[in-house]
Amino acid sequence: DAGITQSPRHKVTETGTPVTLRCHQTENHRYMYWYRQDPGHGLRLIHYSYGVKDTDKGEVSDGYSVSRSKTEDFLLTLESATSSQTSVYFCAIRTGLSYTFGSGTRLTVV
Amino acid sequence: GQQLNQSPQSMFIQEGEDVSMNCTSSSIFNTWLWYKQDPGEGPVLLIALYKAGELTSNGRLTAQFGITRKDSFLNISASIPSDVGIYFCAGQGGSQGNLIFGKGTKLSVKP
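Protein chains in written order, with the numbering used here: chain A, 1 to 110; chain B, 1 to 111.
If we strip away everything but chain A, and leave its shape as in the complex, we get (with noise of 0.2 Å):
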């Protein structure tokens, strides 16, 4: 079991509030990533992470930002959350040619 965490699960935020979400993992992988969950677009890649403050980013990266200040966590922060970002997020780790995934946080955006 890779051992990937996601907190919160669940997050209600108002229009124009910052948020962070966090990913930990127990098993130094080094890749992380994040995606967004919508209907009708799949996952869709945010940032992800190739080490400590290694980050690049994904196809939607716009109104998102990243840091990996240690191996285990990567943190995903909306600097001013939109209506738009309502979705589901997932952090995933590189393990091997494949990646394991958190169980996802649910964020609305009111």
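Source of the hints: derived by calculation from the structure; they are not laboratory data.
Backbone N, C-alpha and C define an ideal beta-carbon position, used for all residues, glycine too.
Incorrect hints may have been included.
Claimed, not checked - Simulated coverage check for chain B against chain A, where a stretch passes if three residues somewhere in it have a Cβ under 8 Å from a Cβ of chain A: (1) 44-51; (2) 98-110.
Unchecked claim - Pairs of lysine to any residue, SDA-like flavour, derived with a Cα cap of 20 Å: (3) K11(A) / K106(B); (4) K106(B) / K53(A); (5) K53(A) / N98(B); (6) K106(B) / D38(A).
Use these hints to put chain B onto chain A, whose structure you have.
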């Protein structure tokens, strides 16, 4: 950028029927993966394929890595209600070896 076309988008089938779904791409991939997502959970790996032409089974699931390296299919035989969920294909070929995901096939099974 690289894209995967996954079809069908959704399927409504009767329990006991066989299911087939596939992914195609204009790009070559070195690895094909199939995931299943249960409602309220993250995707879970079902089958991984590493060689062109490879055919791999996992219980009632069978997947193949296309000989051209540009496609893959997943078959589910004798479907049961717990097969309900969203199935994703993924190919390894993005920058830094990242996975590219299809948009998913939503499977509904009527008892």
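Review point. Which numbered hints does this structure break?
Key: Failing hints, ascending: 3, 4.
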